[in-house]
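FYI, UniProt numbering numbers position 40 of the sequence shown as 40, with every residue one higher than the one before it.
Among the hints, a few may not be true.
Calculated cross-link-like contacts (lysine-lysine; reagent style DSSO-like; alpha-carbon spacing at most 30 Å) [unchecked claim]:
id, residue 1, residue 2
1, Lys32, Lys75
2, Lys46, Lys157
3, Lys101, Lys130
4, Lys130, Lys84
5, Lys157, Lys130
6, Lys157, Lys223
7, Lys179, Lys154
8, Lys157, Lys101
9, Lys227, Lys237
10, Lys154, Lys130
Ranges between beta-carbon positions, derived for each pair [as the list claims (entries may be wrong)]:
id, residue 1, residue 2, range
11, Lys84, Pro35, 19 to 29 Å
12, Lys227, Arg86, 44 to 54 Å
13, Lys223, Asp2, 39 to 49 Å
14, Arg80, Ser161, 47 to 57 Å
15, Ser228, Tyr123, 55 to 65 Å
16, Ile140, Tyr85, 13 to 23 Å
17, Ser161, Glu111, 40 to 50 Å
18, Lys157, Lys179, 35 to 45 Å
Hints are computed from structural coordinates only; laboratory data are not their basis.
Yeah, the Cβ is synthetic: ideal placement off N, Cα and C, and Gly gets one too.
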Amino acid sequence: MDLGEAVLTSGVTQLTGFYDPYRAGLIISLSKALPGLAATPAGGYKGAERVCLALHPVGVEPLWTDYDFALIAIKGNFERAGVKYRDVQGALMGLGLKREKFGDIRLSDGEAQVVTTGDVAPYVAANLNKVGRVRVVVEITTCEGLRPPEHPFKEIKATVSSLRLDSVAAACFSTSRSKIVRDIEAEQLSVNWQVCSDPATPVGEGDTISARGRGRAVVAGVKGPLKSGRMGVVINKYV
Numbered sequence: 001m002d003l004g005e006a007v008l009t010s011g012v013t014q015l016t017g018f019y020d021p022y023r024a025g026l027i028i029s030l031s032k033a034l035p036g037l038a039a040t041p042a043g044g045y046k047g048a049e050r051v052c053l054a055l056h057p058v059g060v061e062p063l064w065t066d067y068d069f070a071l072i073a074i075k076g077n078f079e080r081a082g083v084k085y086r087d088v089q090g091a092l093m094g095l096g097l098k099r100e101k102f103g104d105i106r107l108s109d110g111e112a113q114v115v116t117t118g119d120v121a122p123y124v125a126a127n128l129n130k131v132g133r134v135r136v137v138v139e140i141t142t143c144e145g146l147r148p149p150e151h152p153f154k155e156i157k158a159t160v161s162s163l164r165l166d167s168v169a170a171a172c173f174s175t176s177r178s179k180i181v182r183d184i185e186a187e188q189l190s191v192n193w194q195v196c197s198d199p200a201t202p203v204g205e206g207d208t209i210s211a212r213g214r215g216r217a218v219v220a221g222v223k224g225p226l227k228s229g230r231m232g233v234v235i236n237k238y239v
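Hey, can you work out the whole structure from these sequences and the hints?
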């Protein structure tokens, strides 16, 4: 956490690159080991999967402008050519950019929207002219008004002994509590993109639970305690 130590020394907020939820969770966990340091994630819009983290002194909250987000709109005849997410990612990395230099990629209606930062966007606009074999036009805009994409999900209704992570996650991913405990202790689960190693971690309505190799689910509702003493939960499991 050299960057974190630099923040504590200078008092100046510093940004990381864009990371997936698991790695972002690791950075948040590591930041807690440095007294006085906080890590605040953001990805350009509410619900973003890949986020960068503002490392800042506790009590000095980062401003939205500190993140310097920009949105790249890459336009081309993608549907006819069958362009996929990996093609857009490959085209960007083909410019010499590391994956950490850009956030979520949203592909729809002949346009790819890519969240990045103000220093990277002009480079992409000046150098990207093809995605695969498709010629493209690149425009730079802001993330203002960007909304979370809709994710198809399967609704699961279950009862659990408690709102502990191990109980709820076992219901989310249709597995035994003993198996999910092993995964939690191996730090393969995160709650709201923060890695958890304690099976007793409390979860509640609105929390997102991610498990490597199992997927992601949102606790959409909680009811109880029921007459049986158990808790009812409604889970939206992404498919």
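Next item on the list: Using the Cβ atoms, figure out if lysine 227 sits within 44 to 54 Å of arginine 86.
Entry: Check passed, 50 Å falls within 44 to 54 Å.
Margin query: Against the range 19 to 29 Å, how does the distance between the Cβ atoms of lysine 84 and proline 35 compare: consistent or not?
Written below: violated (45 Å)
Item checked: Straight-line alpha-carbon gap lysine 32 to lysine 75, limit 30 Å -> violated (41 Å)
Next item on the list: Can you let me know if the beta-carbon spacing of serine 161 and glutamate 111 is within 40 to 50 Å?
Entry: At roughly 47 Å between Cβ atoms, glutamate 111 and serine 161 fall inside 40 to 50 Å, so the hint holds.
Checklist line | Cβ distance range 39 to 49 Å for lysine 223 and aspartate 2, holds or violated | finding: holds (47 Å)
Item checked: Hint consistency between lysine 101 and lysine 130 [alpha-carbon to alpha-carbon, up to 30 Å] -> holds (19 Å)
Item checked: Whether the CB-CB distance between arginine 80 and serine 161 falls inside 47 to 57 Å -> holds (52 Å)
Margin query: Would the hint linking lysine 157 and lysine 223 be met if the CA-CA limit is 30 Å?
Written below: holds (11 Å)
Margin query: Hinted pair, alpha-carbon criterion (30 Å max): lysine 46, lysine 157. Please report holds or violated.
Written below: holds (26 Å)
Note to self: Can you confirm whether the C-alpha distance between lysine 179 and lysine 154 stays at or below 30 Å?
What the structure shows: holds (22 Å)
Check: isoleucine 140 and tyrosine 85, beta-carbon distance inside 13 to 23 Å?
Finding: holds (21 Å)
Next item on the list: For the pair we were handed, lysine 157 and lysine 130, check the Cα-Cα distance against 30 Å.
Entry: With a Cα-Cα distance of about 46 Å, the restraint between lysine 157 and lysine 130 is violated, given a limit of 30 Å.
Hints 1, 5, 8, 10, 11, 18 from the earlier list are contradicted by this structure; the remaining hints agree with it.
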